[in-house]
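Since the structure of chain Z is provided, determine the placement of chain C on it from the hints.
Those protein sequence lines, which keep their order, are chains Z and C.
Residue 126 in our numbering sits at position 126 of the first sequence, with consecutive numbering throughout.
Residue 1276 in our numbering sits at position 276 of the second sequence, with consecutive numbering throughout.
The set of hints was computed from the structure by calculation and includes no laboratory data.
The structure presented is a predicted model; accordingly, all values stated were derived computationally and were not measured.
The beta carbon of each residue, even a glycine, is placed where N, CA and C say it ideally should be.
Be aware that one or more of the hints could be misleading.
Selected chain C positions facing chain Z (in silico; Cβ < 8 Å) [stated by the list, open to error]:
id: 1; residue: F1200
id: 2; residue: Y1300
id: 3; residue: A1347
id: 4; residue: G1349
id: 5; residue: E1356
id: 6; residue: R1378
id: 7; residue: G1379
id: 8; residue: S1383
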Amino acid sequence: MTSDRTMAAVPGPIRADYLVVSRLIEPGSRVLDVGCGDGALLKLLRDEKGVDGRGIELSREGVNRCVAEGLAVIQGDADTDLAFYPDNAFDVVILSQTIQATRAPRVVLEHMLRIGRQAIVSFPNFGHWRLRYQLVTRGRMPTSENLPYHWYDTPNIHFCTIRDFVDLVRDIDAAIDHSTALDASGRQVRVNAPWWFWNLFGEQAVFKLSRGG
Amino acid sequence: MARARRIPDDLARQQADQPAGEVAHFGADEPLVLDAGISLAPFQIAYRTYGTLNAERSNAILVCHALTGDQHVASQNPVTGKSGWWDIMIGPGKPIDTDRYFVICTNVLGGCMGTTGPASTDPATGQPYGLSLPLITIPDMVRAQAMLVKRLGIDTLFSVVGGSMGGMQVLQWAAQYRDAVFSAMPIATAARHSAQNIAFHEVGRQAIMADPEWRGGRYLAEGTRPSAGLAVARMAAHITYLSDAALHRKFGRRFQDRDAPTFSFDADFQVESYLRYQGEAFVERFDANSYLYVTRAMDYFDIAADHGGSLARAFAGTRTRFCVVSFTSDWLFPTADSRQVVHALNAAGASVSFAEITSDKGHDAFLLDAPELFAITRGFLDSAARARGIA
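Just chain Z, with the same shape it has in the complex (with noise of 0.2 Å):
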């Protein structure tokens, strides 16, 4: 659940996939964001739809930094943790660039649209055409400004590409409300393109899940 937003202690601009899943809650909604690092996205969300929102985050820094802030965040882990929470708790669980750190992605996902009716998940798209090109023309785990980590360092363990994500969500048949993928620059890729072309030219996607295939 380690993200890269716990090292950004900077406030800068608003994420790219922060701003998708803003707009992707309803007002008033009660949410839970696992993995929340610093609270940049529960702030946000606070302050621009007045959610009712708690978080969870590994590191120690990212709750400390949340609850000064006065946001209900809680130091714990997605793996671990979520099993505590009643079903249908929130309106949306939401887990941004986290889920490829989990140890059991699956398990998680199931748990998310368990304890909210909605669930959101944003992550990095390892089936990017830098990444595919790293592999094949160097031979090496590739690497990128989102994803800096050497493969013996990294916290992320389970990578996965656009189409693998959609083939999970088939699995646990849950419906796909939503999605969107942005490139490297944060733009949305084509509305309307076909999955290929999302898994070729989105650097990372953010999904809006629901229970029910």
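Chain C only, in chain Z's frame:
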């Protein structure tokens, strides 16, 4: 070896009946029904307040003290002359800001600083209660505090804050008086006392009761003091408030005022000298029977047991905002205890923050200079104050 400053015995003794600060008296018409099944009346609660209650009576924070603490949380202690035990946290401009909030701190029921306890004079006999006082529980302490809060004209506490046994009271308040608690900060605590902690307490109690000067609990009437036993109890307990790392950093294996071992049972090591000092200083200010009563209250504490074994049920439907805090090196109330509370609060759908603070200072960390704890406390209270409409 450093010697504890000698405090005249009657200075501590007189606090039991005539404490410094405020006292609320509850007469025969307002008995306190104890968990032991006995009505206690009359009784009194000694307390201190700081700051000003606002016109809406919405800015009151109750601070609950730990096992050997007292009501003098942010002002000079009348017995030791030292500054308040949480002076670093509470005051003008501090995290619990007395320019903004009205802070109340009571001596717990069973204590020895002015609230009715075993060292208090039993009005029926004119003698100290000693062991004739019924056993006290954490819910009893909280019930007594609630009577005081009501008498002060406060319907809803803006916050209840406390560490260790104080944190137990915070959790009890939230479970028992949910509509009267807007926010709650249980720090370095648990929803039930562990077997290991009960075991440590039993060692302390046995040390006191094994002291011949204890006289079956009648030492005050008979003019003796079980000082040796109480000092040993404090020494053993004090170890549990620290950590291996903190002890090592502070003392290591260094000798006390000597270069080599003396081949005797004198306090060769600094750590021995330190513990002896802690023991001696403690007996100057604390009543041995009070130590028995208050440790017992902690032992009996188990919120889930009072709610059909389910901690989540104790908090079901709560609207209180919680901020739970633990410390990494605290092995007396380890993070797992706090996490259990957090999981129950999550299951109950409560608004909860939980931070584990990195510290090598052990359980005592919550009383010390902990900038992260201060930032968290300030942030949590600020956000709760916004929600409560406190300026």
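Okay, the hints, checked on the actual structure:
Hint on C/F1200 is violated. Least Cβ distance to chain Z is approximately 27 Å, over the 8 Å limit. Below 8 Å, beta-carbon pairs count as interface contacts, and C/Y1300 has none with chain Z, the closest being about 26 Å; its hint is therefore violated. Given the 8 Å rule on beta carbons, the hint for C/A1347 holds: about 6 Å separates it from the nearest Cβ of chain Z. The interface hint given for C/G1349 holds, since its Cβ lies 6 Å from the closest Cβ of chain Z, which is under the 8 Å cut-off.
At about 5 Å, the closest approach between the beta carbon of C/E1356 and any beta carbon in chain Z falls short of 8 Å, and the interface hint on this residue holds. The criterion of a C-beta within 8 Å of any C-beta in chain Z is met by C/R1378, whose closest approach is roughly 7 Å, and the hint holds. Because the beta carbon of C/G1379 sits about 4 Å from the nearest beta carbon in chain Z, less than 8 Å, this interface hint is met. Here the hint on C/S1383 is kept, as its CB sits about 3 Å from the closest CB of chain Z, short of 8 Å.
Checked against the numbered hints above, the structure breaks hints 1 and 2 and satisfies the rest.
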